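Engineer: Line by line, the protein sequences are chains Z and R.
Position 313 of the first sequence, counted from 1, bears residue number 312 in numbering that gives the first Met the number 0, the numbering being contiguous throughout.
Position 272 of the second sequence, counted from 1, bears residue number 271 in numbering that gives the first Met the number 0, the numbering being contiguous throughout.
None of these hints come from the bench; they were simulated from the model.
Bear in mind that the values here come from a model prediction, so they are computed numbers and not experimental data.
For every residue, glycine included, the Cβ atom is placed at its ideal position computed from N, Cα and C.
Where hints are given, some of them may not hold.
Stretch-level coverage of chain R by chain Z, calculated; a stretch enters the list once three of its residues show a Cβ under 8 Å from a Cβ in chain Z [unchecked claim]:
1. 324-331
2. 346-353
Below, computed lysine-lysine pairings styled on BS3-like, alpha-carbon distance capped at 27 Å [as the list claims (entries may be wrong)]:
3. K26(R) <-> K351(Z)
4. K26(R) <-> K26(Z)
5. K346(R) <-> K250(Z)
6. K387(Z) <-> K351(R)
7. K21(R) <-> K26(Z)
8. K149(Z) <-> K346(R)
9. K21(R) <-> K271(Z)
10. K346(Z) <-> K260(R)
Which stretches of chain R does chain Z cover? Using the computed rule of at least three CB atoms under 8 Å from a CB of chain Z, they are [claimed, not checked]:
11. 66-77
12. 89-98
13. 131-139
14. 174-188
15. 390-398
Number of protein chains: 2
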Amino acid sequence: MISVEEAIDIVMSHTLEPGKEKIFLDKAIGRVLKEDILADRDFPPFNRVMMDGIAINSQAWEAGRREYYVESMQTAGSPQQTLSETQNCIEVMTGAMLPQNADVVIRYEDVNITGKVANVSVDAVTSFQNVHLKGTDRRVDDILIHKDQKLSPAEIAILATVGKHAVEVVRQLRIAIVSTGDELVDVNDTPSPYQIRRSNTYALQSALQVNGHESKGFHINDEKEVLGVKLREIVEEYDLVILSGGVSKGKKDYVPEILEKLNVRKLFHGVKQRPGKPFWFGVREDGSSSTTIFALPGNPVSTFMCFYTYTLPWLNRCYGIDNREIEASLSEDFEFNPPLTYFLQVKLNLDKGQLLAIPVIGKGSGDLANLLEADAFLQLPSGRSVFKAGESFPVISYRQKI
Amino acid sequence: MISVEEAIDIVMSHTLEPGKEKIFLDKAIGRVLKEDILADRDFPPFNRVMMDGIAINSQAWEAGRREYYVESMQTAGSPQQTLSETQNCIEVMTGAMLPQNADVVIRYEDVNITGKVANVSVDAVTSFQNVHLKGTDRRVDDILIHKDQKLSPAEIAILATVGKHAVEVVRQLRIAIVSTGDELVDVNDTPSPYQIRRSNTYALQSALQVNGHESKGFHINDEKEVLGVKLREIVEEYDLVILSGGVSKGKKDYVPEILEKLNVRKLFHGVKQRPGKPFWFGVREDGSSSTTIFALPGNPVSTFMCFYTYTLPWLNRCYGIDNREIEASLSEDFEFNPPLTYFLQVKLNLDKGQLLAIPVIGKGSGDLANLLEADAFLQLPSGRSVFKAGESFPVISYRQKI
Chain Z
0 MISVEEAIDI VMSHTLEPGK EKIFLDKAIG RVLKEDILAD RDFPPFNRVM MDGIAINSQA
60 WEAGRREYYV ESMQTAGSPQ QTLSETQNCI EVMTGAMLPQ NADVVIRYED VNITGKVANV
120 SVDAVTSFQN VHLKGTDRRV DDILIHKDQK LSPAEIAILA TVGKHAVEVV RQLRIAIVST
180 GDELVDVNDT PSPYQIRRSN TYALQSALQV NGHESKGFHI NDEKEVLGVK LREIVEEYDL
240 VILSGGVSKG KKDYVPEILE KLNVRKLFHG VKQRPGKPFW FGVREDGSSS TTIFALPGNP
300 VSTFMCFYTY TLPWLNRCYG IDNREIEASL SEDFEFNPPL TYFLQVKLNL DKGQLLAIPV
360 IGKGSGDLAN LLEADAFLQL PSGRSVFKAG ESFPVISYRQ KI
Chain R
0 MISVEEAIDI VMSHTLEPGK EKIFLDKAIG RVLKEDILAD RDFPPFNRVM MDGIAINSQA
60 WEAGRREYYV ESMQTAGSPQ QTLSETQNCI EVMTGAMLPQ NADVVIRYED VNITGKVANV
120 SVDAVTSFQN VHLKGTDRRV DDILIHKDQK LSPAEIAILA TVGKHAVEVV RQLRIAIVST
180 GDELVDVNDT PSPYQIRRSN TYALQSALQV NGHESKGFHI NDEKEVLGVK LREIVEEYDL
240 VILSGGVSKG KKDYVPEILE KLNVRKLFHG VKQRPGKPFW FGVREDGSSS TTIFALPGNP
300 VSTFMCFYTY TLPWLNRCYG IDNREIEASL SEDFEFNPPL TYFLQVKLNL DKGQLLAIPV
360 IGKGSGDLAN LLEADAFLQL PSGRSVFKAG ESFPVISYRQ KI
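Bound conformation, chain Z alone (with noise of 0.2 Å):
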């Protein structure tokens, strides 16, 4: 068995690249931008006018001038117009381009208008007031965006803004999620008094869907022929396949042996970890292409750990997107003794800025009711015993709390 540490470095030293696939803008939220983004003009383009009023130029203001004739309106959206009298004035709308021969906006509150003279009733202007000047927030060319970006709202204006009406973003990788365990049945099935329904693949697929990524749920029972008859098929078709169950030391626990059969290389098997202590990992590789498989054990708080700390990190990094590395601060004293790493369930609570990870000890890695008390798993480290209250340790969160 190895650590913790050493199974998460050879997991994130098996990544998978992608490639890429161009989409359609309004498709493209939450994919992870494959070019950079440049300014196709400078930012703003023009000199745009910030407030509603009148563009004066500043020397007929220096020059005592406080009245002026309004010689016409510059709109948003339409073409420049001149100020063809400096001591005149233009009425000026937000977004409009600034007048040529006008240096100044002064804003409707500051101006009297009767008829077609208006009045300012300021005390002092300064040069290109209330002008938002062209190129003064990014150059024409600048770099707005960099590859490998996650897109969120912001850079989707951006790009909006830009015209790139599709974009080029990391291809989706196939993934396969596959439960095994003869006790379970379908959502839809009643089950018999030793049986259960299965809720691995529903869980991990809509964890996965929250994160952006798509996949098929496929299940099989243990049935060492079938098993891998179908888990041949799959292992060639999809980029990732995740296992729940059939891992540990069971007599029906055929997926590592049939894993090696296909021709899948073992990395590792068995975590010095609580839960999830029977996670198997490999890689196939053929010719050019390759599979991932993480066979997680099958107990569902077991799952859900060892899928957050992981697979998604995993996925993460192949798709170029940071994996957040959090702490929270332990709410109160708490024991482990086994030399483990231990994954606490905890639920996390924001308060004044500060990051509390509070204990929900469920009744071990088959209490699935547990996991909706909880929000996270703090990682308790192994080669000590305590933990005290006021302690900060890496937190895998589970839900949104930012």
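Place chain R on chain Z using the hints.
Structural biologist: Frame of chain Z; chain R shown alone:
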């Protein structure tokens, strides 16, 4: 003009009741439950074996027996067996029912099996060790998930377990996003020197999408008649209309006037805030149906800030989702003098459980590109001008940080 606090109060006291709809489980992630979810059986539903090993009767153990004849095997997913002789054992697999007449599970690691005989090498056993007892997590008919819960992967797992292949959730509101402004051209168009491409509809639609809401985007030019006709159609068809632009003091800012003609009751126009001062909010009641209108200022930073500060919390409230009120600590002293609530753009940094807000000053509400640098708005209250490093203030984040 009203204060930010008054504006939030008014917005939040004019929510809608969207009603409910039934959807399939595989579409339910992120939706809000409208029924309580009960345990259909005990959790676990039977005395469940937690380790691969052998099941014995503790009376035989106490009588001194350490060598057990293996009668049979109880796998997961098969009907309960019975230990016919209490001095024998049954091999048991994780997830199986505990055989009748057995009350202790000893894991394989502590057993040596030769042929049909198991020798036990532990010094002590306790009653029901390695057995997850029926009903210890939850009891049949316990409420597992209360209605109004937003469904995360943990809840999806529970819904699958209790057989909810379809579930009642809050109906999706019909949402329209409408940009106005003659200076705006589409993302596919090449703007003239005095035009820019529209970005607000793309930003808002993707921000809604991230939060699980579908919407339809529209653009209308600043022509009074067209605006009147098109807005009437939209207001009559949608539950929520988010406008951007046309609400300030400009000569072509027709939106407030037209909305009032369409019998939209103005609840406020103008908020003592920067950015976003000209924000307009109203409701149109038409018999049993009603439409809520957020007419946001058109400058991209204003639109963005108002959406996250007012519209998204309003949507959450309509759907029965708690609005997370979080605070962050200012990383450095900051000064702002006008008697307005200032929504300072900040980068968020979570370090050792502490959420820090680092100011990222842009060039005003037209500086769209600054949204790329920041993560959130820190809400600095009006009525004071000096804000000290280390002080905590409410923060409105538009990127997921935990």
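Engineer: Are the hints correct? Go through all of them and say.
Structural biologist: To see whether the hints hold, each was checked on the structure:
no. : hint                : result
1   : 324-331             : holds (count 4)
2   : 346-353             : holds (count 6)
3   : K26(R) <-> K351(Z)  : violated (35 Å)
4   : K26(R) <-> K26(Z)   : holds (18 Å)
5   : K346(R) <-> K250(Z) : violated (53 Å)
6   : K387(Z) <-> K351(R) : holds (15 Å)
7   : K21(R) <-> K26(Z)   : holds (26 Å)
8   : K149(Z) <-> K346(R) : holds (16 Å)
9   : K21(R) <-> K271(Z)  : violated (43 Å)
10  : K346(Z) <-> K260(R) : violated (50 Å)
11  : 66-77               : holds (count 5)
12  : 89-98               : holds (count 6)
13  : 131-139             : holds (count 4)
14  : 174-188             : holds (count 7)
15  : 390-398             : holds (count 4)
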